[in-house]
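**Student:** So you can see what is in the structure, the chains are spelled out below.
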Amino acid sequence: MNAEIPQQGELVSSAVSAAPVERELSLQFVGNPKDYFRVWVVNLSLTLLTLGVFSAWAKVRKKRYFYSHTLLDGTPLQYTAQPIPILKGRLLASGLFLIYYFSEHLLVAALPFVLGIGLLLLPWVIARSAAFNARYSSFRNMTPTFDGTYREAFVAAFKVPAIPLFVGFSILAAIVSFDRPGFIAAMGAAAGLAGLFFPAWIRDQRQFVVTNTSFGGRRGEFDATRGAFFRRYFVAGVFGALFAIPLFVLTIWIPRTGHLATFITYTSYVIMFAYVQAGTGNLVWNGLRVGGLRFRSNLKATHLLWLYLSNAVAIVTSLGLLTPWAVMRTLHYRIGCLTPVLRGDWGKFQGSSSSTVAAGGSEAGEFFDLDFSL
Amino acid sequence: MTAVAAEFFDGQRPLAEPVSITVTGDQLVVTGETVAQHVPTSAVLVSPRIAQAKRFVQLPRGGRLLCDDGAWLDVLPSEVRAEGLVAWLEQRWGFALASVWLIGLSLVLGYFYGLPAAALAIAERIPSSTEQALGQRLLAALDAQHVMRPSTVDRFVAQEVRDEFAKLIPNDPRGRCVQLEMRASFIGANALTLPGGIVVVTDDLVRLVTPEELSAVLAHELGHVEGRHSMRALIQSSGVGLIVAVITGDASSATAALGTVTAVLNASYSRDMETQADAFAFKLLDEHGISPNAFATAMERLSQQAGARPGSNSFFDSHPATEERIRRAREAATKKKP
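So the protein sequences, as listed, match chains A and B.
Following our numbering, the numbering of the first sequence begins with 1 at its first residue and continues without gaps.
Following our numbering, the numbering of the second sequence begins with 375 at its first residue and continues without gaps.
Among the hints, erroneous ones may be present.
[Said to hold, decoys possible] Once the Cα atoms are required to be at most 27 Å apart in a straight line, the calculated DSSO-like pairs of lysine-lysine come out as:
| no. | chain 1 | residue 1 | chain 2 | residue 2 |
| --- | --- | --- | --- | --- |
| 1 | A | K34 | B | K428 |
| 2 | A | K348 | B | K428 |
| 3 | B | K428 | A | K63 |
| 4 | B | K709 | B | K657 |
For the record, the hints were derived by calculation from the structure and aren't laboratory data.
My request is simple: use the sequences and hints to build the entire structure.
**Tutor:** Shown next, in the form of C-alpha cells:
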C-alpha cells in the first residue's frame, strides 16, 4: 500500500499535463478458501438454525467478504448494504412467489392476471435491484449512482419481445393437448422464438444497467452489439442441435442407457453454459466504459468448463464441504481475467454531494430499498 | 493509543491521502497533509470485521478512512451491530467445525424426521375441501390436455371395477374421501392417486390384469390415499427444493446444474411412500380374503408390459425395485396363509 502513495501524488500532478495516457491498473482477488470456509459454514448453520431468517445477514457477510477481498488499484471495494432491507426484499419476493404458486395450483382463473402483473413488475424488480447494487457498493468512498426509471426499464425489458413470446407460446402449449403434434410445435416455437430473441434481450438488460449507472459524475457507456451476443448463443445452439440432441436421442434409442443420457444432457448443458458465460462475460466487460475507465476481459470457455466440471465433482463428493473452495477458485479465475485500463487519472472522477449523502447511508431506511438478487 | 496509519478518502475524488489516526479520550483525530479532523468517537461508524481484511471508518462529514484491522476499532460504533458477534464466531475454527456438525446433523434429522413430520402436520391441517379442489383441478388439467381421455371400457366391466373398489375402501373413522376415476390414456397400464383421494385407473390396466390383481393395485393406491401421500409429496418436494436452494445458492456461481441433487432426495421419499402403500395393500387384501400374491402377479404383468427394465435399484428411481416389491408381496402371502 505504501508503494501506492507516492504514485498517487504523481497522478494528481499528471492530471495537469496534456496528453492523457492509458495505464493498466491492478485488480486482484485475495480471498482464500480457509478464511471463506469459516464465513460460509458459520453463516450457513445460523441460516438453518433460524429457518432462513438469518439468510439476509449471511448474504451481507458473504458479499462483504467478496468486496473486501477484491482490490482495485490496491484499494478494497466496500459493501455497505444493511441486512434488514435484504430481508424485506426476500419476504416480498417469497410473498409474490407464493401468490404465483397458489394461482398456478389452486386458482387457475387468476393465473393470467398474476402473470400479467408479474410482467408489469419485472422492469420494477430489475431497476430496483440495479439501484440497490449500485447504491450499496463503494470504491474509495465514492458510490455509483443508478438513475434508470421504471419507464426505461420497461422499454429495455420488452423492446425485444423474448419474454412475451415465451410466455405466450407456453400458455398456448398448455392449452393444446400433450399427445398432439400441436403441443410439440407450440413448445418448439416458444423455445425457438425465445431463443432467437434471448441473446438480444440479455444484451439490452446489460445495456440498461450500464448506461444508467454513473461513477464520479461519469455515465456508463456500452457498445457491445446484439449481433455479437447472438453469435455466441447461436454457436452454443448449433452445438446443442448437432451434438447433444443426436447423442441424447441415440442413448434413448439404445436400451439400458438411462444414466448415460442423463450424463450427456448434463455435460452438454455445462459445455454450452461455459461457452455462453465466457463469451457474454467478455462482451459485457470489454464493451463497457465509465469515463476514462474500461476493462479488458479474456475469459476462456475451456477454463470455465474445467472449473464448472471439477467444482461439481468436488462439491458432490465432499458432501458440499468444498463449496467455499470452489467459490474462491472460480472468483480468482474470473477476476484474474479482468484488467482495468485507466486513461488519465482517478482525479477525473468527481463526487457530487448526492453521492456522499448516499454513502452516509441516510437512505437506508427507505422502504423500497429492496434487494431481490439471491 | 499510538498513531495508526490509514488512508483518507474525501468522497469527492477516488484518491487516497495517507493520514495517521489517534484516539484520545472520546475524540478521534485524523491528521494528514491536507486533512485535520477532530471528531467525537460516538459519531463514527466502523465497518464490521471480515476475515483479516482492512476496515472502513465512516466520518461524520462524509470522509472515510481505510486502515488495518485492530482491536481498537471494536470499541467504536459499528455500521451493523449484529455482525460483530457473527464475525467473532467466524474467526474461530472450533465454531466452524461445530457448525459443520450442526449443519450435517440438522440436515440428516430434517430430511429423515423433520420434513416428513412437518409435511404430515401441514397435510393434516389442509381442509379436505381444499385438497379435493386441488385434486379435481389437477384431473381437469390432465383431461384438458388430453393426457386423460374418457374411458372406453365396457360399462359392465367398469361397474365391476367400481363395486370392487367400493368393497375395498377401509372403514375409516376419519372418513377420508375416496373417489374412483377411469380414463383412457397414452401413459399405458397405470394407476395414480391425486390429492383429495382421487384414484385414477387407466383402461389399459383394467384390460391387462385379472380382477384380483386389479384389486391389489387399487389397494396399493388406497394406501397412498390413507397416508395422504400426494399432499405430503407435494409439500416435501417444495421443502427439499427450498433447502437445496439455500445450501447450493453459493455454489451456483461456481458450477452448474446441481438440480440432480433435488431429484435424488425426492426419489428416496417417493420410494418410502411406495413401500408404505405396498404394506398397507398387503394388509387390506388379506382382510378381504385376497392373497397378496395377486399384487406380485400384477407387478410381474406390469413390468413385462413396460419392457422390463432390469432391477437395478438406482438413486434416481421413484419406485423401489420391482423384484423387491414382488418378493415382499410373496413373503406377505406366505406369512398370512397358515
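**Student:** So, for every hint listed, does it hold in this structure?
**Tutor:** Hints, one by one, checked against the model:
1. A/K34 / B/K428: holds (18 Å)
2. A/K348 / B/K428: Between A/K348 and B/K428 the Cα gap is close to 26 Å, so the pair holds against 27 Å.
3. B/K428 / A/K63: Roughly 15 Å separates the two Cα atoms, so the pair holds.
4. B/K709 / B/K657: holds (11 Å)
Checked against the numbered hints above, the structure violates none of them.
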